[in-house]
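Respectively, the protein sequence lines represent chains X and G. The opening position of the first sequence corresponds to residue 1 in the numbering used here, with each subsequent residue numbered one higher. The opening position of the second sequence corresponds to residue 326 in the numbering used here, with each subsequent residue numbered one higher.
Please keep in mind that the hints were generated in silico from the structure rather than gathered at the bench. Mixed in with the good hints, there may be bad ones.
Per label pair, the in silico range of CB-to-CB distance [unchecked claim]: (1) R510(G) - S259(X): 58 to 66 Å; (2) S387(G) - S287(X): 55 to 63 Å; (3) S259(X) - P442(G): 32 to 40 Å; (4) W364(G) - G66(X): 47 to 55 Å; (5) Y379(G) - E23(X): 39 to 47 Å; (6) R351(G) - A46(X): 21 to 29 Å; (7) E23(X) - L397(G): 52 to 60 Å.
Glycine included, each C-beta is placed from N, C-alpha and C at the ideal position.
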Amino acid sequence: MVTSAFERAAPPGSIAQPPSSNEYLTDRGFRALAVAGASLIILLVAYILWEIGAQAWSAIYRHHLGFLISTNWNVADEHFGILPEIWGTLYSSMLALLIGGFLGLIVAIFLTQDFLPLRIAQVFSTIIEMLAAIPSVVFGLWGIFVVIPVIRPTANWLNETLGWIPFFGSSLSGPGLLPAALVLAIMILPTVAAISQDALNLVPYRTKEAAYGMGTTRWEAILKVMLPTAAGGIASAMVLGFGRALGETMALAMLIGNSNQISLSLFAPAQTLASLLASHFPEAGQSERQALMYAALVLLAITLIVNMMGTAIMAVTQRRISGRS
Amino acid sequence: MNEQVAIKNFRTAGDAPDLRRSWTERRGVRSFILTIGAWIVALIASVPLFSVLYMLIVQGGSRLSLDLFTELPPAGFETGGGFGNAIVGTLIMVAIASVVSIPLGIIAATYLADLSPDSKLSSTTRFLAKVLTGFPSILAGVFVYAILVLAMGTYSAWAGGISLAVLMLPTVILTAEEAMKTVPRMMKDAAHGMGCTRTETIWKIVLPTALPGILTGVMLGVARVAGESAPLLFTALFSNYWLRSLREPTASLSILIYNFSSMPFDNQIQLAWAASLILVLIVLVFNILSRVLGRSRI
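Start from the sequences and build out the full structure, keeping to the hints where you can.
Here you go:
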């Protein structure tokens with residue numbers, strides 16, 4: 001392996017030397033190890049799908065697809081159904097996306113469109129990131145002792161005066177959908193804000209200059225030029241925020257009320273797939289545990305699909321924008 | 326004479342137009358109102374953080390004492406007590422998670438960043454790692470329950486640590502890859518020119534240079550995972566006693582907060598706030614460490 005040309009270029013005393021056979025072996029070995037490490041992620045995802053599916057199998061076999069549309073959760077009769085939970089998961093996450101996504105987008109616009117001097121914008125951006133660092137249980141605790149007492153008077157007033165509107169159809173006795181959705185919105189705000197900021201910063205400066213050069217006001221430039229250009233990235237931010245809301249567990253378990261009912265009312269207690277798992281699992285017996293595994297599989301399917309869509313949208317829009325500029 | 330008239334005409338004929346928008350123009354007013362709206366939204370968005378910090382400092386701070394670190398959790402009607410075992414449990418499980426996920430993550434990242442950045446395997450791994458960063462933490466707990474708790478027959482700190490590792494791994498891989506990509510091409514080429522194999526280049530040049538960036542990613546991963554509680558419900562459960570072995574249910578700060586938050590006793594609620602304060606402090610310290618370490622880049 002060492003030819004005379006190499007020997008001439010690298011005489012035995014110098015630092016530069018062709019690799020020895022030991023070094024070739026270690027190189028081959030490490031490269032194989034690295035391939036194994038990289039494939040580990042793919043194998044891990046496959047293993048997760050396999051294991052949860054295997055655990056859920058006995059429940060799937062027993063309950064079939066009726067599991068998805070039944071509203072009972074009766075341990076004694078061994079009748080299980082997760083329709084209220086699917087409803088609760090989608091309803092709370094949509095509400096959270098409406099509130100948190102909107103707020104996050106405005107915050108992103110506020111931070112990237114020269115409303116603040118650069119240093120202050122960085123401080124504000126750090127504040128929003130700190131929001132993302134707070135653990136979910138702490139948000140749940142805060143929700144119980146701050147959010148619920150604060151919104152209860154307004155909620156009960158809305159129920160008394162406007163109770164004929166289905167959204168205000170019941171009174172807020174404590175945990176319920178609205179406090180849970182509000183806290184969830186605050187939890188996904190940093191995610192949406194961060195990805196939207198990246199999307200807005202990727203818009204080429206010339207586009208912004210061109211808009212202002214044509215005489216737009218600041219908000220006309222933002223709403224009619226910047227947002228449509230960054231629309232792909234903002235869409236992926238919303239989808240990923242939605243995915244995060246779907247999988248959120250602890251704050252919801254503490255705030256949503258753990259009640260298996262389907263209701264349009266914002267103030268009624270409800271249940272999500274994740275909070276069902278969290279609240280029922282520690283004390284579950286054998287058959288209930290299998291039903292919970294089935295519910296976990298449904299949650300896995302929903303979140304994987306949403307997260308894959310969000311990541312794919314982000315990849316496609318980044319490629320398009322960097323190709324364009 | 327004619328020239329002077331011409332110059333005078335030139336000057337007055339082309340007065341620069343006033344480019345300022347008139348105050349009464351509707352477009353301008355609309356924009357101004359929207360700006361006020363944006364300011365209000367920004368203030369609303371910062372209120373929750375300050376509210377949480379206020380509650381933590383006031384409610385949690387009032388209970389701070391050395392007892393918290395040395396005593397065990399109290400039962401229902403007791404007063405006093407602390408959560409020393411929960412702090413130990415959290416630190417141990419985070420340590421297990423780090424030991425498992427950091428080496429694996431860095432090795433996978435070397436493949437993604439250096440050995441074969443454009444291959445099908447790389448792009449698939451990158452895509453799946455990004456998808457996994459949004460993975461619900463409770464499903465990581467369910468997964469490790471299925472593979473470890475049922476196999477070992479008991480809840481354990483090992484299972485808790487491994488479920489946290491599953492959550493930490495994608496963050497470590499993605500940030501380590503980013504850090505390794507910033508190493509200048511010249512350095513790697515110089516190493517190759519001197520006769521290094523790809524492996525030697527990675528271990529002697531790329532990793533030492535990218536170390537601050539990798540540490541940033543590791544600290545971020547640890548910060549995220551220290552506060553997780555949903556996976557621990559399925560893997561480590563909880564314990565009211567000091568840790569005796571890694572193969573039994575283990576206490577943790579996050580599960581303690583979850584359990585105590587639903588109890589009707591004031592003592593427990595106060596302890597929950599104090600535990601939240603300590604947990605947030607731990608997470609914030611790791612976050613700040615990650616920023617400080619990240620600043621010392623080349």
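ask   = Hint numbers the structure violates, sorted upward?
value = 2, 3, 5, 6
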